[in-house]
Amino acid sequence: MNIIEVRNVTKEYANHVALDNVSISIPRGKIFGLLGPNGAGKTSLIRIINQITGPDKGEILFDGELLGNKHISRIGYLPEERGLYKKMKVGDQLLYLAQLKGLSQKEAMDKLKSWFVKFDIKTWWDKSVSDLSKGMQQKVQFVSTVLHEPDLIILDEPFSGFDPINANLIRDEILELKQKGCTIIFSTHRMETVEELCDHIALIHKSKKILDGPKREIKEQFKTNTYFVEYKGSLSGLEGLYEISADKEVENDYRRATIHLGENKSPNALLTSLLPNVEIRSFGENIPSMSDIFMRSVNEIPEA
Amino acid sequence: MRNIFLVIKREYLVRVKKKSFLIMTLLGPLLFVGFYAAVIWVAIGSVDTKTIQVLDESGLFRNEFKDSEALKFSFIEGNLDSAKVNFRKADANALVYIPENVIKSPKSVRIYAAKNVSMDLKSEIEKVIEKQIEDIKLSEAGITHKILEDSRVNVSSETISLSEEGEKTSSSGAATVIGGICAFLIYMSVFIYGTQVMRGITEEKTSRIVEVIISSVKPFQLMLGKIIGVALVGLTQFVLWILLTTALTSATSAILSNRIPKDAVEMQQQMEKVQKGMPNQNMPGNNVENPMAEVLGAVNSLNIPLILGCFLFYYLGGYLLYSALFGAVGAAVDNDADTQQFMLPITLPIIFSFVFAQFVLRDPDGSLAFWTSIIPFTSPIIMMVRIPFGVPAWEIALSMVLLVLGFMATTWLAARIYRVGILMYGKKVTYKELAKWIFYK
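These protein sequence lines are chains A and B, in that order.
Just so you know, my numbering puts 234 at position 6 of the first sequence, and the rest follows in order with no gaps.
Just so you know, my numbering puts 355 at position 351 of the second sequence, and the rest follows in order with no gaps.
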């Protein structure tokens, strides 16, 4: 079951189209990566899901119902541009934000206490936000995003501004939330995060969705049936049989080459023909990284 | 509704808990009372008795210089030179020399002093001499003292009818004062609290918290919550100021009254006379000049509950009308520095109404007064000026209805600009763009 169904959503601004007939399904309980270059329309889509703005055309379903006011308390949102009231105390601020999301003061207080213990930030309660470092503010903001235990958490570039230790802390939190059954939408440019965390992805470019699906399937789809080999010797005996590219020396006498398998050829056959010719150090299939997929998909669309 | 309430609560508490609020609340009345106390203190304090020596060669003025609390006259004999020498030894503040031929050459009167002589003292002495010379010249012309007295009685009996009229004018004096104060308070509060709304919105925008907030609260709710929250802060401050000022004034006047027992008694007598509409024989035509007595005597003739009620209405109405516009400006810009270009068209009508108020005070029933008190942008200030003078009920009703419609319109307009503006960063906004925002879907 999909927690969010985006159906044919179009959003126009005065002089450009931010989203052009975009349809995306976000499955429950997964980590969903929303990718795209700057200005592709990611933030517009996120704002529409958060009901900050409305779509011009199309509709959004939340749990099968038309998205509405009652869903606000079930969504947690961490915007890319972080912001808190600078002069307000951390505790007061989190209580306020939690109450806006529909928690009673007491509920909010109870939940906050456990988070303050968990993140070991008990001493921050009476501090002004402006007295905290940027990383500390990020932590506070993260707490405010998940405090009301939303079903859907939308994180826009969640790791920017964190040092590696805190980034790990947040990553573990995200995985834990997923374990509990939360759905997480990630908007990011950082492909290593996508590689590591995301189950599903959608790629938006120039206001259009150009790619979506489970990460595994997309990778499968982008495989080019090429293999790499690191070897000592010469590949000249194979030239007639296989398409060899990027053959160059890496270190000492070892060379590395990319070999494209034609139709109906198995990697085993390739290995068999390699064995008599060269000494093999390593061999494997070229699986496209998310970064490759991103670059290839985006570059396929010509610049307007 | 719950969310609006939460926003109002935050906006209110954040501001009321600020140190600056506490300081302003305490300092406001202290400054106000302190200022007046200082003025009164200095005024009373400066009344130390001055000794004036009079060398009167003409012998005409012996009975004319009368000792008062501030001035003591002593008459000396001899010639001017010895008087000058003695003056240095004597503990006197000034020496007045009146030559023998003073009537023929009044300019020959001289005042000698160790330091400069105050204008007050100079004019006091000149007045006495002038009056005496005038009297003498009148008698020489055949106008006896008797005729003079008679003519003064006539002048006095004129004053009785003037005084009866004066009952009215003294009431309009009080109306002027109260109207002026109300107009000033509304003018100030629209500015102070309107800019607070604007600052608050710009702060939310620049700190980027607004995106988090409006994912839970509708932009309109957030804006309205802020406006109402700040309005309540304003009301709280007013109430505290009034209470504190009243307390402080009574305390101060209790202390000061020890220093001015005589003045107070005199004032009271004078007030009683004014209230009875009796002519004041001692100072003909002067009895309308005491503003204190005038105000107190006339306050009873004003409709205080109506004025208070209207003040509250026009304070809130004017504030709501303008703070919505200030809020729209706050949403349109990225930082306080950029607000200037949009502030001007908003502040102009406020400043104009304050300027118009001066004219309306003089002519509270003229057509300028009528129109400016009907148009919502100027009515909060102008109508408050007019109300103490008495305004037909239908005009008040019309002005109130229009003001309500006015702030509904500005709030609607502001909300349209606000919802687009708060999410627009890093862009210099023009008027043309603002107009476009209004018509966005």
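It is worth saying that the hints were derived from the structure and are not from the lab.
Here a beta-carbon is modelled for each residue, glycine too, at the ideal position from N, C-alpha and C.
It is possible that some hints are incorrect.
[Unchecked claim] Sample of chain A residues lacking proximity to chain B, with all beta carbon distances greater than 12 Å (derived):
| id | residue |
| --- | --- |
| 1 | I274 |
| 2 | T281 |
| 3 | D291 |
| 4 | I303 |
| 5 | K315 |
| 6 | D320 |
| 7 | K329 |
| 8 | M337 |
| 9 | V357 |
| 10 | I382 |
| 11 | E401 |
| 12 | D427 |
| 13 | K436 |
| 14 | E467 |
| 15 | E471 |
| 16 | R524 |
[To be verified] Just so you have them, the derived chain A footprint on chain B, three or more residues with Cβ under 8 Å:
| id | stretch |
| --- | --- |
| 17 | 385 to 394 |
| 18 | 411 to 422 |
Against the structure, the hints come out as follows:
no., hint, verdict
1, I274, "violated, 9 Å"
2, T281, "violated, 8 Å"
3, D291, "holds, 18 Å"
4, I303, "violated, 7 Å"
5, K315, "violated, 7 Å"
6, D320, "violated, 8 Å"
7, K329, "violated, 5 Å"
8, M337, "holds, 15 Å"
9, V357, "violated, 9 Å"
10, I382, "violated, 9 Å"
11, E401, "holds, 18 Å"
12, D427, "holds, 24 Å"
13, K436, "holds, 22 Å"
14, E467, "holds, 56 Å"
15, E471, "holds, 49 Å"
16, R524, "holds, 31 Å"
17, 385 to 394, "violated (count 0)"
18, 411 to 422, "violated (count 0)"
When held up to the earlier numbered hints, the structure conflicts with 1, 2, 4, 5, 6, 7, 9, 10, 17, 18 and fits the remainder.
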